[in-house]
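Participant: Residue-level listing of the chains:
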Amino acid sequence: MAAARLPSRLRLPDQPMLRHLVLCAGALVLFYVLTVNLSSYHNYQVGLIALFAMVIAGLSVLTGINGQISLGHGAFMAVGAYTFALVQEHVTLPLALELLAAVAASAVLGLVVGIPATRLRGPYLAGMTLILALGLPQLADKYNSVFGGDEGLHPSQLVAPGAVDPNRWFAWITVLVAVIVVALLANLVRSHFGRAMRAVRDNEVAAMLAGIHVGRTKVLAFVVSAGCAGLAGAFLALSGGVVTTGDFPLSLSIYLVAAMVLGGAGSLVGPWWGAIAIVYLPQWSTSISSDFGLGSAVAANLALVIFGLVLIIVMMLAPTGVQGGVRWLARRLLAARFPRPPAAAGVTAVAGFPEPPAPATPDMRTEQERTHP
Amino acid sequence: MLEVDGLTVSYGPVRALRGVSFAARPSTITAVLGANGAGKTTLLRAMTGLVRPQEGSVRFDDHELTGLPVEEVVRLGVAHVPEGRGVIDQLTVEENLRLGALWRKDKSDRKRALAETYDLFPPLAERRRRLGAALSGGERQMLAIGRALVSRPRVLLLDEPSLGLAPLVTAQLMALLAELTLLASLTVILVEQNARSALSVATWAVVINLGQVVVSDTAAAVGTDTGLRHHYLGF
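Which chain is which? The protein sequence lines are C and S, in order. If you're matching positions, the first sequence starts at 1 in my numbering and goes up one per residue. If you're matching positions, the second sequence starts at 1 in my numbering and goes up one per residue.
The reader is advised that the hints may include incorrect statements.
[As the list claims (entries may be wrong)] According to the in silico footprint, chain S covers these stretches of chain C (three or more CB under 8 Å from chain S): (1) 77-84; (2) 195-205.
[To be verified] Pair by pair, the computed Cβ-Cβ distance ranges are: (3) C:ASN301 <-> S:ARG104: 53 to 59 Å; (4) C:VAL108 <-> S:ALA133: 35 to 41 Å; (5) S:ALA171 <-> C:VAL108: 38 to 44 Å; (6) S:SER136 <-> C:LYS142: 35 to 41 Å; (7) S:PHE235 <-> C:TYR124: 45 to 51 Å.
If you are wondering where the hints come from, they were derived from the structure by calculation, not from laboratory data. C-beta: ideal position from N, C-alpha, C; glycine also.
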């Protein structure tokens with residue numbers, strides 16, 4: 001029995017904090033190897049994937065853990081990007097502070113949106129956030145003396161030290177920050193606040209009666225999620241060296257939600273799958289439409305169609321998203337490799353009836369694995 | 001001392017409570033009895049603020065509870081176990097229980113309260129890591145009550161705790177409530193359809209009909225009044 005459990009024990013430590021650290025270190029090593037072997041252009045793509053992973057991870061916590069929907073995360077990204085560019089234009093600060101300013105600005109907008117959001121639910125909340133995604137870029141267009149109008153703003157790009165390729169440097173910084181953000185979110189989800197968020201998602205009345213401040217929990221979830229989006233927006237500004245309203249169309253917000261669902265709502269690994277889809281699907285669709293000689297009008301919309309198709313197929317195959325499917329597959333493979341002892345399967349006691357005398361040390365681990373598929 | 005004074009609640013044109021008044025004495029069980037639709041659940045919901053009363057007040061010691069947010073009422077020590085809806089399905093048993101004490105500062109006492117709750121409900125201890133959704137009706141009821149107790153309340157409002165429980169388990173629950181009033185000086189307001197079992201442990205009883213108090217007396221007096229029993233209590 002001990003031998004059968006060994007692989008799962010070796011796999012990851014039980015302590016959540018330690019497990020997150022191990023996972024993050026592994027991810028960083030993986031990305032390092034990846035970036036060193038990829039071309040400059042693909043390094044740039046890796047950076048984009050990492051920045052989209054930040055915003056989708058924040059969205060995943062908001063929707064998957066707290067049960068609130070937002071079709072306006074593109075607007076939070078825009079606030080982050082513009083704040084970053086404006087701060088850079090007017091004052092000279094270290095990069096970290098410029099990024100923090102972007103996070104702060106979008107978090108404040110998250111607060112402003114989050115407060116009325118506590119009163120709205122489902123489609124009504126979606127509608128309100130949708131208006132944000134539609135209206136905010138318009139605002140930037142109207143005040144073009146501040147926001148640069150069609151020309152946009154031009155933040156300076158990262159300066160790579162020494163002989164490092166600028167795109168590789170961009171990828172490294174972005175991946176590092178994204179992994180830190182995801183690790184912080186993972187700890188947040190595991191904390192008391194995370195439990196409160198899930199309680200509010202499942203049953204607001206029961207959460208209230210447990211003494212949880214339902215409103216505050218929802219607003220704080222919105223603030224955290226918006227902050228992540230703002231940070232991603234700042235990195236988007238950093239990636240292109242130009243910020244215009246055209247970078248934040250309504251379709252961006254919809255892509256973000258679709259990518260979050262695609263990866264797996266509530267998961268923090270899933271957002272990386274979603275980010276890969278956001279970065280690569282439009283490219284593939286462009287090359288497909290040029291291969292088949294489709295017009296530019298078709299090419300512009302083909303990406304959304306393909307994204308929708310991929311989403312439908314994934315949802316049919318793995319209702320919990322790509323990450324859910326990956327987990328299921330990994331479990332199947334592990335179970336085939338290391339079959340469970342049959343003893344652990346017989347503990348389905350009927351309620352109200354006393355269970356047969358338990359062994360001296362109840363095997364909590366197999367119990368948990370069995371009830372937490 | 002918990003005092004309800006002239007509580008009136010309407011759902012649109014429907015009046016659910018019409019000036020309900022009663023007092024619950026400390027460390028006793030007060031049974032609130034009545035037929036379906038009498039207003040028992042609404043009474044509890046108005047006491048914790050889940051519905052806003054049009055008139056009247058609820059006082060607990062020196063605190064005016066009417067108008068306070070639900071979570072503040074709970075944090076003052078008034079726990080409410082709603083009918084069949086007290087469990088968070090997607091949290092484990094242990095997470096549900098710890099949720100009940102999340103806001104309490106004293107960390108070591110939180111642990112003690114958790115251990116005590118497991119002692120009270122051994123089936124919960126065996127299912128610590130199981131999701132709320134995977135529990136039976138009786139276990140869910142235990143979990144909901146357990147979560148209320150982890151917050152170390154001074155007043156416990158119970159809405160139909162016997163619903164879905166086997167008669168034997170109901171009897172055990174009633175005995176437990178009587179014990180808690182003595183040991184933890186808990187004040188219990190017990191809303192029940194099952195008047196007989198509620199009266200067996202209650203010291204006081206309030207009978208409600210169509211949103212109004214019909215009788216407020218000792219449980220013994222209510223239980224032996226044949227007219228009352230036939231009219232309102234169905235036994």
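Participant: Counting residues of the segment 195-205 of chain C with a beta carbon closer than 8 Å to any beta carbon of chain S, are there 3 or more?
Facilitator: Since 8 is at least three, the answer is holds.
Participant: If I claimed the Cβ atoms of C:ASN301 and S:ARG104 lie 53 to 59 Å apart, would that claim hold in this structure?
Facilitator: Check passed, 55 Å falls within 53 to 59 Å.
Participant: Quick check: does the Cβ-Cβ distance between C:VAL108 and S:ALA133 fall within 35 to 41 Å?
Facilitator: holds (37 Å)
Participant: Using the C-beta atoms of S:PHE235 and C:TYR124, is the stated range 45 to 51 Å upheld?
Facilitator: Roughly 47 Å apart at Cβ, these two residues keep to the hinted range, so it holds.
Participant: Using C-beta distances, would you say chain S covers the segment 77-84 of chain C, given that this needs three or more residues below 8 Å?
Facilitator: violated (count 0)
Participant: Has the hinted range 35 to 41 Å been met by the Cβ atoms of S:SER136 and C:LYS142?
Facilitator: violated (60 Å)
Participant: Between S:ALA171 and C:VAL108, does the C-beta distance stay in 38 to 44 Å?
Facilitator: violated (57 Å)
The structure fails to meet hints 1, 5, 6 from the earlier list, while all remaining hints are met.
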